[in-house]
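Engineer: Residues per chain, in single letters:
Number of protein chains: 2
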Amino acid sequence: MVFHMGTTSRDLSPIFEPKCVAMIGASNNPSKYGWIIPANILANGYKGKLFLINPTEEKIWGLKVYRSLKEVPEQVDLVVISRPAESVPQHLEECVENHVRSAIVISGGFKETGKEGEKREQEIVRIARGGGMLLVGPNTMGVYSASVSLSALMPPILPKPGEVSLISQSGNIGTNLLAFGSEQGIGFSKFVSSGNEADISTLEYLEYFGQDSTSKVILMYVEGMREGRKFVDLVKRVKEKKPVIVYKSAVSKAGSRAAKSHCGALAGSTRIFEAAIKQSGAIRASTINGMLDLAVGFLYLPLPKGKRVGIVTWGGGYGVVASDSCELAGLEVPPLPPETVQKIDQLLPSYWSRGNPVDLVGFINREVQPKVIEEVAKLNDIDAIIASGFILGRSVGSSIFKLLRKDEENTGEIWSDRATKTVAEEVRNLIEKYRKPIVAVTLTTDPGTLKKVLECGVPAYSTLETAAEVLAKMYQYKESLNRVEKRE
Amino acid sequence: MVFHMGTTSRDLSPIFEPKCVAMIGASNNPSKYGWIIPANILANGYKGKLFLINPTEEKIWGLKVYRSLKEVPEQVDLVVISRPAESVPQHLEECVENHVRSAIVISGGFKETGKEGEKREQEIVRIARGGGMLLVGPNTMGVYSASVSLSALMPPILPKPGEVSLISQSGNIGTNLLAFGSEQGIGFSKFVSSGNEADISTLEYLEYFGQDSTSKVILMYVEGMREGRKFVDLVKRVKEKKPVIVYKSAVSKAGSRAAKSHCGALAGSTRIFEAAIKQSGAIRASTINGMLDLAVGFLYLPLPKGKRVGIVTWGGGYGVVASDSCELAGLEVPPLPPETVQKIDQLLPSYWSRGNPVDLVGFINREVQPKVIEEVAKLNDIDAIIASGFILGRSVGSSIFKLLRKDEENTGEIWSDRATKTVAEEVRNLIEKYRKPIVAVTLTTDPGTLKKVLECGVPAYSTLETAAEVLAKMYQYKESLNRVEKRE
Chain A
3 MVFHMGTTSR DLSPIFEPKC VAMIGASNNP SKYGWIIPAN ILANGYKGKL FLINPTEEKI
63 WGLKVYRSLK EVPEQVDLVV ISRPAESVPQ HLEECVENHV RSAIVISGGF KETGKEGEKR
123 EQEIVRIARG GGMLLVGPNT MGVYSASVSL SALMPPILPK PGEVSLISQS GNIGTNLLAF
183 GSEQGIGFSK FVSSGNEADI STLEYLEYFG QDSTSKVILM YVEGMREGRK FVDLVKRVKE
243 KKPVIVYKSA VSKAGSRAAK SHCGALAGST RIFEAAIKQS GAIRASTING MLDLAVGFLY
303 LPLPKGKRVG IVTWGGGYGV VASDSCELAG LEVPPLPPET VQKIDQLLPS YWSRGNPVDL
363 VGFINREVQP KVIEEVAKLN DIDAIIASGF ILGRSVGSSI FKLLRKDEEN TGEIWSDRAT
423 KTVAEEVRNL IEKYRKPIVA VTLTTDPGTL KKVLECGVPA YSTLETAAEV LAKMYQYKES
483 LNRVEKRE
Chain B
3 MVFHMGTTSR DLSPIFEPKC VAMIGASNNP SKYGWIIPAN ILANGYKGKL FLINPTEEKI
63 WGLKVYRSLK EVPEQVDLVV ISRPAESVPQ HLEECVENHV RSAIVISGGF KETGKEGEKR
123 EQEIVRIARG GGMLLVGPNT MGVYSASVSL SALMPPILPK PGEVSLISQS GNIGTNLLAF
183 GSEQGIGFSK FVSSGNEADI STLEYLEYFG QDSTSKVILM YVEGMREGRK FVDLVKRVKE
243 KKPVIVYKSA VSKAGSRAAK SHCGALAGST RIFEAAIKQS GAIRASTING MLDLAVGFLY
303 LPLPKGKRVG IVTWGGGYGV VASDSCELAG LEVPPLPPET VQKIDQLLPS YWSRGNPVDL
363 VGFINREVQP KVIEEVAKLN DIDAIIASGF ILGRSVGSSI FKLLRKDEEN TGEIWSDRAT
423 KTVAEEVRNL IEKYRKPIVA VTLTTDPGTL KKVLECGVPA YSTLETAAEV LAKMYQYKES
483 LNRVEKRE
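Chains as they are written, first to last, in the numbering used here: chain A, 3 to 490; chain B, 3 to 490.
Next comes chain A alone, as it looks inside the complex (with noise of 0.2 Å):
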């Protein structure tokens, strides 16, 4: 099967490894983007040289502030524009007389706002592609870049780096997923937001992810997409490498009516771009935060071979809720072998449920837990597990005992986060020996406590059912490598 390049295929590198940034409209009005944006430049430590524009500021950020792009002394690869939409053209004209190779625009006021401001956007595109420089947005929020610690982005948060690769169609959706993610502990590589798209499709951006190395999975929140056909061929060729996950919204006549208004022209048929989703072999995520979910999924576990899971809980109501939300996602929980049950019997006290979903019966011995997975994880007959209710400690523990003056040194071994992480890491050690994905859930959203777990390598989810549906998920995209090995 050959593979042909999309025309659209152009090197992005100058927005997204820049050795040179400059920002047009840079502001010391704490109300302004130009204020914010080359506030988050700073803070997130970029590797490369800022400059700041604007004609009658000194200083910004403590920075010295130039007049304009022509008194810049170095090369800029990238510009930022934050400015009335009616100065873009000019300034892009100055970009295009100062080879600068790529520009990010921020301002709205373009196609999103009607007639007057579609031909506005006719005209920069046409400046930039006759200046032979790339465009982002306008009406974008930005774009982030770990390698090169670039985060010029409209809200104020701090990316953690690492190898999630965002493309959103939504600034705000965009950047909360970033500034969420991180905070859960996930670490993205790269993230842009779409914007308008007036030069750089979506599309043009998955092939880019597509081809980079620091990109391991790829998250894209859609609004529309009219290339559903070059979709399907792109992601179909992206997906052997990575995957790559798709929230879809404007999804009702409700959400398509507010698509129209915030990216209008993007909207194609709904129904014809959710086929085109299932076709390309993509992995769709059901709510906007599940992208998330996924990608951790992804990221740190191997694939399942089979969707046979074993459950293994602190109390029976998760275990209930455990089998329904896997038989409901597709999964089976198969009973046990009588020998694991005997096994099984050697550990917990007598009371326990004998059967898969395994219930530890409230039993408090923080290393017999990862010996009852174990167990389940060694079986030909188990290709996935869910753990739930133990891994997680709970900090509240911690501050009864405080409360009673008792240290974390006399209730050490059970309810501390030392604990926790101890336990955390025997199921990280037991996903690498047996190659299994092992997933831990807890109800609690807390996103610090998730990290916590995540950082020994153990993905932690705050539902049953997202457990479930990442799971077989994983699976449904294993099968589909499959297909494609066994047809070639």
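These are calculated hints, taken from the structure and not from any lab test.
Check before you lean on any hint, since a few could be wrong.
For identical chains, the list gives no copy identity; a pair is met inside one copy or between any two copies.
[To be verified] With a straight-line Cα cutoff of 25 Å, these simulated DMTMM-like cross-link-like pairs (lysine to aspartate or glutamate) come out: (1) Lys307 <-> Glu434; (2) Lys51 <-> Glu19; (3) Lys262 <-> Glu334; (4) Lys243 <-> Glu481; (5) Lys280 <-> Glu329.
A quick note: this is a predicted structure, and the numbers were derived from the prediction, not measured.
Assemble chain B onto chain A, guided by the hints.
Structural biologist: What follows is chain B alone, placed relative to chain A:
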């Protein structure tokens, strides 16, 4: 319409309002619940007297230990027993002899483990009922009651006092909801882990909570129930005073199998019970945590008079997903009248969305945000509002500025916690002024952030889907009340 009191109705106040509690099986061994339960009772500041019983210890948690119940010098209302199953009948005999009014049997090893356990369970019921003693469990994780600050629970948690009451057929799920809800700022009035329900059933607790004036919303985690008819009659009666929110598990084959080994005999036919939930007018939560989301909505907001939602977002993507979520939940997103568009024209930059959803297009002005919400809230054609992406400030914002050594004073009015609080308080005023529900949505799931906004009286959810589901179910509840009013 006349309702008859169920014959099951007993006064459960010895369990939920005890003046004196004793614990049989108190221990100095940190891996025993006899160690943790007294810690919980002490740390949560129980208002009554606590007596610890153990024949061989002198002191536990600094308290004098009694050798037997006989030695306790006070009338004991409630005994908590955490001892091996075999010895529980003997301890209950002791309770009866000493005129104890109620007992919580924490121990497992009863009906859930087979024939022998079932016999033992029949025996303890016989002893308790013969002695006129109420029996919680066995195989329970305990109870919480805010009125006397009693936290007789197995896991170490600090529940927040408040007005939500919870009956759970899973101890772990119940106590986790308590812990996680409290982290989010949700307060609880009464909680019971109903265990095997050998003596007191879910329905008897429901009846008691239904009559309890401090329980404003009732949550139920249900695996199974045989008395569907009785449930329908009881909920029909209770829901006229307060909403009853149910999460039903064991809805799949695998889940039902798991439920059998968890609390075997409780499980009736799921399909019959599902019909009963619908018929009763109980509100069905679609996820476990969803029970808390619904509780918050009912507790803090007026009921929506209709299903027409105004959406105000900071970023168009949120508007698209919010519109999708509303339509899929059965709500409507009507257009804005031209006068309102003109009024908002005065408040926002010219490129705002000029319709519903109202997109604040990233405009940073914390004073304008509530003004825009008010223009939508005052419309007769709008029954509820979803406000997304701006009521909750992002705490990471301030870390950026800290890195750059700008203190909150300089950035204060825009990105600080103080600004978030001001906006949330103004939104709360709008809820009161227009008697319409307004909910905040952010992508973060950090319980601390959600709590900050809830403390101002504004429910905050981490997803748009949740917000739409809560409003839709509040509307359905309102409709079910109207139907009763019309009928009578």
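Engineer: Go through the numbered hints given earlier and state which of them the structure violates, listing their numbers in rising order.
Structural biologist: none
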